[in-house]
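**Student:** Listed in order, the protein sequences are those of chains H and X.
Following the numbering used here, the numbering of the first sequence begins with 1 at its first residue and continues without gaps.
Following the numbering used here, the numbering of the second sequence begins with 1 at its first residue and continues without gaps.
Hints are not guaranteed to be accurate.
Put simply, identical chains are the same to the list, so a pair is met inside one copy or across any two.
Unchecked claim - In silico DSSO-like pairs for lysine-lysine, Cα to Cα no more than 30 Å straight-line: (1) Lys139 x Lys2; (2) Lys45 x Lys91; (3) Lys229 x Lys2.
Read the hints as simulated data drawn from the structure, not as lab findings.
Protein chains: 2
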Amino acid sequence: MKKFLNTPDTYLRDVLTGLAAAHPELAVDADQKIITVAGGPQRGKVGLVSGGGSGHEPLHGGFVGAGMLDAACPGEVFTSPVPDQILAATKAVDGGAGVVHIVKNYTGDVMNFQMAAELAGDEGIAVATVLVDDDVAVKDSTWTAGRRGTGATVFVEKIAGAAAAAGGSLDDVAEIGRRVNAASRSFAVALTACTTPAAGTPGFDLPADEMEVGVGIHGEPGRGREKLKPAGEIVAIALDAILSDQPLGTGDDVIVMVNGLGATPLSELYLLFGEVAATLSGNGVGIARSLVGNYVTSLDMAGASITVCHADEEMLRLWDAPVRTVALRWGS
Amino acid sequence: MKKFLNTPDTYLRDVLTGLAAAHPELAVDADQKIITVAGGPQRGKVGLVSGGGSGHEPLHGGFVGAGMLDAACPGEVFTSPVPDQILAATKAVDGGAGVVHIVKNYTGDVMNFQMAAELAGDEGIAVATVLVDDDVAVKDSTWTAGRRGTGATVFVEKIAGAAAAAGGSLDDVAEIGRRVNAASRSFAVALTACTTPAAGTPGFDLPADEMEVGVGIHGEPGRGREKLKPAGEIVAIALDAILSDQPLGTGDDVIVMVNGLGATPLSELYLLFGEVAATLSGNGVGIARSLVGNYVTSLDMAGASITVCHADEEMLRLWDAPVRTVALRWGS
Chain H
1 MKKFLNTPDT YLRDVLTGLA AAHPELAVDA DQKIITVAGG PQRGKVGLVS GGGSGHEPLH
61 GGFVGAGMLD AACPGEVFTS PVPDQILAAT KAVDGGAGVV HIVKNYTGDV MNFQMAAELA
121 GDEGIAVATV LVDDDVAVKD STWTAGRRGT GATVFVEKIA GAAAAAGGSL DDVAEIGRRV
181 NAASRSFAVA LTACTTPAAG TPGFDLPADE MEVGVGIHGE PGRGREKLKP AGEIVAIALD
241 AILSDQPLGT GDDVIVMVNG LGATPLSELY LLFGEVAATL SGNGVGIARS LVGNYVTSLD
301 MAGASITVCH ADEEMLRLWD APVRTVALRW GS
Chain X
1 MKKFLNTPDT YLRDVLTGLA AAHPELAVDA DQKIITVAGG PQRGKVGLVS GGGSGHEPLH
61 GGFVGAGMLD AACPGEVFTS PVPDQILAAT KAVDGGAGVV HIVKNYTGDV MNFQMAAELA
121 GDEGIAVATV LVDDDVAVKD STWTAGRRGT GATVFVEKIA GAAAAAGGSL DDVAEIGRRV
181 NAASRSFAVA LTACTTPAAG TPGFDLPADE MEVGVGIHGE PGRGREKLKP AGEIVAIALD
241 AILSDQPLGT GDDVIVMVNG LGATPLSELY LLFGEVAATL SGNGVGIARS LVGNYVTSLD
301 MAGASITVCH ADEEMLRLWD APVRTVALRW GS
């Protein structure tokens, strides 16, 4: 296993120790495994909590900060955070206006966030849940009933985070989060499998001339194997899947993310974005905003995902609102 | 070859097309291969131009913007930009106060930037050159007379860029750039080789249980092969090399970068940073500022580099000045 680590058992703790050392503006509790904004909850603001298995960095810890998440709960690699951990994060960010849980649709995450929401309710904290299920590749995959939650999580966290920062109520923030998810579609392609620290070997075998089309962010199987193709043809496969599920045309505005899965050079992501932009523009679709880079990764997997959100004016306004996190930062 | 590309021949052009589509705030000339800030040169401000072979993204194009570079000249992958290209960039950013060339110490880059500087001089543009040679691993390697230029390039571009934005003269900007380089040391370790689009196969063979210690950003050999070690021991090797070349102790402030070489997950970079921070703090050295992420890459190489800059107050002040580029962005 070719990784920079000390032991697989201490991996997550060691990562969080480094995160804490690098970012004094974050409060990182390496014991409870909770990342919050230093300075505690903001009175009267709806709190936003997300989390899930580690291995997708910068998701979610990299999105904690003003205008986005108030807390992230990293589980062990590809393993859901536990209810007590989520409950502790929920209590830590409650400013009296309720807390939104942003949950990627994987069975373990859904169950544990639901349990934490009930426990929080018992303690008088109102929780609303936004489920993210944007991956059009497959339904009911290895770890999921229904569609998997992937790249749209970044859009939901940014836009719902801006709504909360602007003073939105618990219902407002959850509603815009759900609307962003409903407007978003993703599709991913893997060129290699990823290796978890605990397993030490790649999660699947992929011949040197093949790609996994529709792969999940834990290396779950997609729609099948195909021979590796030129980038333009790969983008066509992904956009066909996305646009056949949600047709877009002239006059529609979108937010697009071309996201690396961990081991793909930034240059290749820009190359893919060029193909995406040409295709969408050719269909009359306007790319109003975009992200190109590593945002929702799968450890050391070579591959990329494309996420398209059909954005309305409110979403774009909230997208443009200031954000101050490790991985997204703009505005005054 | 597992890459997202159309053909090796069109690789750089296709990457630049995508970069242009993603970042309308940049002016990307895909024919001349020049990336500048949209809106042209700023009258009276010293211009900053850097460049080098492609394959190290986000270097240098990701650092074009207010407070950092005025232009980047990407060569073909691992190939120096040509003198005409550098000259065109120099002329494009000349605002009448002269232009600083920031050049990584590789034979081709040094020669071509020198020729461009002479041609610019013939046209009445004063050029000062800052040579970056921070890599303590080896002297006189495959592509280099003297030390290689690597991670410190980011520090030089940021701090010299801030000096230019603050109204520094050509001499001022070049002088602080040289001072940052002289105060910086880097060391890199590779876990895998990288593959260029043109070659299609990895640049060297590295057994499954070995690492290349002191590797260069083109896969040039380092100090030798060693068995893969725990992260703490790898950091000790790198910091020993850095600190034996430039001793640091109690009261010294540093800017530290833990940089991924392209295929290493962000989580592993944070883990390495935790080890770096513990060691430096243990020696009484203060980590005043830090960067953790992919800044100077080597295509799809798994590996990481550590750069330490012994910073004085002026450097820290200029580091903190606002910057608005694709890859670095902070301040008002």
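**Student:** For each hint, tell me whether it holds in the structure or not.
**Tutor:** Now the hints, each set against the structure:
1. Taking CA atoms no more than 30 Å apart as the test, lysine 139 paired with lysine 2 passes between copies only; the shortest distance there is 27 Å, against 33 Å inside one copy.
2. Proximity of lysine 45 and lysine 91 under a CA criterion of 30 Å is satisfied intra-copy only: 13 Å inside one chain copy versus 51 Å between copies.
3. Proximity of lysine 229 to lysine 2 under the C-alpha cut-off of 30 Å is found in both arrangements, the shortest distances being 28 Å within a copy and 10 Å between copies.
When the structure is compared with the earlier hints, no violation turns up for any of them.
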